[in-house]
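Colleague: Spelled out from the first residue to the last, the chains are:
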Amino acid sequence: MGMWRRLANVFRGERVSRELDEEMEAHIAEAVAQGRDAGAARKAFGSQMRLREESRDFRLMGWLDSLRADAVFGWRQLMKTKMTSVAAILSLALGIGACTAAFRLIDALMLRPMPVRNAERLHVIAFENIGPMGKMPYDSCSYPMFRQMREDAKDQAELIGVSYVDRIDLTYGSDAQMEKEYVQFVSGWMFDAFGIRPAAGRLFSADDDTEPGAHPYAVLSHDYWTRRFGDDPMVVGKSFRIGETVYQIIGVTEGPFTGTETGTVTGIFLPMAMKNPKTLASWNNFWMRTFIQLKPGVAVGPVEERLRATFHAIQLERTKTLGRLTPQQKELFFKERMFVDSGAAGRSNLQREYRRPLEILAALVGLVLLIVCANVANLMTAQAAARAREMALRVSIGAGRWRLAQLVLVESAMRALSAAVLGAMLAAWAAPLVVGMINPPDDPARLALPGDWRVFAFIAALSLGVTVLFGAAPALRASAVKPVAALKGGDDPQMKGRLMHGLVAAQVAFCFLVLFVAGLFVTTFERLTHQPTGFSSEEILNLETLTHQPQPPELWEQIAQHLREVPGVEQVAMTTWPLMSGESWVAEIGVNGGAPSDVLSDVLAVSPGWLDEMKIPFLDGRDFRRGESYPNVAIVNQAFANEFFRGENPIGKTFETMDAKGTPARVAIVGYVKDARSRDNFRYPVRATAYVPFSSMGATGAPEARGRGTFVVRTNSTNSQATAPVLRQEVARARPEFFVSNVRTQAEIVRGRTFRERLLAVLGLFFACVALVLGGVGLYGVLHYSVIQRRREIGIRIAVGAQAARIARLVTAELFSTVALGAVAGLAAGVVAARFMQSLLFEVRATDWTMMALPWAAMLVTAAVAAIAPVWRAIRIDPVEMLRAQ
Amino acid sequence: MAKTDALQGALDLLVLKILSRRPGLHGYAIMTAIQGMSEEVLRVEEGSLYPALHRMEEAGWIAAEWVTKENGKRARIYEVTRAGKKQLGMEEMRWEEVTAAVNRVLREA
Chain A
460 MGMWRRLANV FRGERVSREL DEEMEAHIAE AVAQGRDAGA ARKAFGSQMR
510 LREESRDFRL MGWLDSLRAD AVFGWRQLMK TKMTSVAAIL SLALGIGACT
560 AAFRLIDALM LRPMPVRNAE RLHVIAFENI GPMGKMPYDS CSYPMFRQMR
610 EDAKDQAELI GVSYVDRIDL TYGSDAQMEK EYVQFVSGWM FDAFGIRPAA
660 GRLFSADDDT EPGAHPYAVL SHDYWTRRFG DDPMVVGKSF RIGETVYQII
710 GVTEGPFTGT ETGTVTGIFL PMAMKNPKTL ASWNNFWMRT FIQLKPGVAV
760 GPVEERLRAT FHAIQLERTK TLGRLTPQQK ELFFKERMFV DSGAAGRSNL
810 QREYRRPLEI LAALVGLVLL IVCANVANLM TAQAAARARE MALRVSIGAG
860 RWRLAQLVLV ESAMRALSAA VLGAMLAAWA APLVVGMINP PDDPARLALP
910 GDWRVFAFIA ALSLGVTVLF GAAPALRASA VKPVAALKGG DDPQMKGRLM
960 HGLVAAQVAF CFLVLFVAGL FVTTFERLTH QPTGFSSEEI LNLETLTHQP
1010 QPPELWEQIA QHLREVPGVE QVAMTTWPLM SGESWVAEIG VNGGAPSDVL
1060 SDVLAVSPGW LDEMKIPFLD GRDFRRGESY PNVAIVNQAF ANEFFRGENP
1110 IGKTFETMDA KGTPARVAIV GYVKDARSRD NFRYPVRATA YVPFSSMGAT
1160 GAPEARGRGT FVVRTNSTNS QATAPVLRQE VARARPEFFV SNVRTQAEIV
1210 RGRTFRERLL AVLGLFFACV ALVLGGVGLY GVLHYSVIQR RREIGIRIAV
1260 GAQAARIARL VTAELFSTVA LGAVAGLAAG VVAARFMQSL LFEVRATDWT
1310 MMALPWAAML VTAAVAAIAP VWRAIRIDPV EMLRAQ
Chain B
1200 MAKTDALQGA LDLLVLKILS RRPGLHGYAI MTAIQGMSEE VLRVEEGSLY
1250 PALHRMEEAG WIAAEWVTKE NGKRARIYEV TRAGKKQLGM EEMRWEEVTA
1300 AVNRVLREA
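So the protein sequences, as listed, match chains A and B. Residue numbers are given in the working numbering: position 537 of the first sequence equals residue 996, and the series is strictly consecutive. Residue numbers are given in the working numbering: position 56 of the second sequence equals residue 1255, and the series is strictly consecutive.
In short, the hints are calculated from the structure, not lab data. Treat the hints with care, as some may be off.
Unchecked claim - Taking beta-carbon pairs under 10 Å as the criterion, some of the chain A residues facing chain B (in silico):
id	residue
1	E478
2	E482
3	M483
4	A485
5	H486
6	A488
7	A492
8	Q493
9	A500
10	P786
11	E790
12	L791
Don't be surprised by glycine CBs; every beta carbon is placed ideally from N, CA and C.
Please model the complete structure; the sequences and the hints are all you need to start from.
Modeller: In structure tokens, the structure reads:
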């Protein structure tokens, strides 16, 4: 009999019985025909029913049949205890959903292979340099380095170069129709190597990536094609312009491939060779990543060795071109290490920044799930105790132990299954929500989060694990029931109490750990956001502006003047890029003709009035005057004075630096200002910064034209964002060759620096609350149960005159010692765990007593609140009624 | 195979042997065949025969089908499958071994 037929039999029990009957009747008829007595023949079968059951047992999968019965019974059981079942399923759904969401994020960002051919054979080159801040990983190199490495490894592997994805302004029409899209420069042979075919037109070949500037072609990703053009095949042949270069669209990729930078969806691919020729030729401009596609049968080890040798040779060569390096710098330079990482899941900074946070979040939600499991297990244990008589009866009439365990496990599985379905829905909603919190709204991270077999398998495995976790203890208990003891009504309450208290202790420990970690993150976020920036971002609007061709400083000033006349505008100044936008220009500084420093100074070009507008106060000296230009004068901050002038007032002193062209220049310090944060990272002290004039002097002595700058506008309205569209238009109206690429409030930029910390703090806080509520519910449940168990004892005690306080102590003493035990365990775990997240914390240590006191207090309050109702019930027990009822 | 003790093995052996010689017998015919061939020494209870038949069907040693007889009544007839033939060989061998062993004990004790 086939498996299918057996399965079918389970649900066709009736028909099977009929067939058996028929066969028996045929037998009896035969016997009678042969001359036997009908009654005797029938009797020979013995009890017909027994025979049928015995036969049927072989024909049906008895187990599956009993499972069906258990499921029906389990459903009735769940219906009987609706409220608790709903609570259990909802809390399980929350736990499973949160874990699934965390898995989906981690999978999408770090594990899921890119949709390319042989992704598992893909690797990526990474480096590690040892700087003043310790080991710093990076993964970029220059184009000549890439070419050299490709040449050297060509027998064993194909190397594919890709630029960092950039959000670039481009237009399909006039300047007024500028739009932004994510653009990635890629090696011409990438599509071939990745096995990606065109959905329209053709893709790049190696020939499109030979001579710099020779092939202004573009390939669109399928995603962008759908998003921007609605899958219009006529798009092939169209052209668009980026800066001065006009690109022609030659094709569209097929499939879900959207570039190699996980977390960013690339819309447009350009050939590597179309990158700025200066950039392509430079050995020191690190702007691209290198993927390695191993040839079949080649191991990664030898390729890594090979490339290391090349890298070392390149480093040696580069020390010559870099010029003046101190022996110490040289040593560090040679300590840089190259290694090969897996590249199957793509490579992005997002992965590096969010690996740890996501792992920690996953651990937090895992703990929450464990708390839920402990709750549900306790609930079911209590229920199992209430059903001890039923179980005992089943054992007495011959049910097997396994059968009883199965009965309870089926109920658990039904809970877990409903919870898994709800959890999957929750995850489907929550995962994109968290992705949305990763980056600022104007530059969102996009992760493919398909709900495929990976997610399904994860949920299935998780539900199974959860079923075992919370179902095993009650199932074993049910199967271990002693019929005689249970039917007499005198079960062994001590043992049950131990199990429940053990679960409570574990629960409190997990809860404490979640609270503790959340506390660390919230404090970190708090401390970071309260770091002084040294400038005022209120009502500041930054208009990041580009020009078609570089424009002379007078024209920039002309537009600033035009903007000053717009209603609602109070002040307008200019700089290269907004403060804390993450962009920087650094320079070596030499003092008194000495060697240039190891420490670099930030350099920021600003127009007169900018310091005043940003409310950066002067300590001494003056602002720039009109007509002053780089590199003649500078204004420096306190960190600069401390670093290069031992903290002395630097007014009237000079320093030496190299200008943008690499010519040495002597700069006079005319102003001395307080520290303000120019870079993006709140975790480091404010850097030495030299402000230089916005207009710079070219080699000929004439003012230099510039193609990029930022108008910093202070408005008089609190909602400065509202004036943004007006200002954007005004810039274009003043001079058509200028266009505003991006408008951001300064507050938004500053906020953007703590996005990751905010995410951790918000989610940490959320899960801390969830853990606390669940922990409270768990404590309440156990206490409630123990009061009911001991009501006879309590009644007697009250009858003989025990005070309310004494009863309260009696009821809660054991619980509070369990809570204390759990909290100590949780704290120990927390201190250990904090070591693994040190890099994410700021000015907060795991051993701070405040960090420990907060979760302690929260736990204690929760336990107290949870105890109120059961204690009240215990005190209110009426001894007379109690004793009569029993 | 904990269930296949000596007696059950004997019943299986008899049923398989009879069905391998005369395929297409129904339950009653198998019962009478055992009875007749053993000259009334061996009597098989209906209560053991049918469970055994169904068990062997479950194990895949015999196959059953419903047929309509000339008198218009339906009957369930059985025949030995390929796996059943193999099983029969093994059962026969084991039977020989067991009876030989028993005989040896009877002779030498």
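Colleague: State for each hint whether it applies.
Modeller: Hint-by-hint comparison with the structure:
1. E478: holds, 8 Å
2. E482: Where the cut-off is 10 Å and the nearest Cβ of chain B is about 5 Å from E482(A), the hint holds.
3. M483: holds, 7 Å
4. A485: holds, 5 Å
5. H486: holds, 5 Å
6. A488: holds, 6 Å
7. A492: holds, 9 Å
8. Q493: holds, 7 Å
9. A500: holds, 8 Å
10. P786: Status violated, d = 81 Å.
11. E790: violated, 75 Å
12. L791: The hint is violated - L791(A) has no Cβ within 10 Å of chain B, the shortest such distance being about 74 Å.
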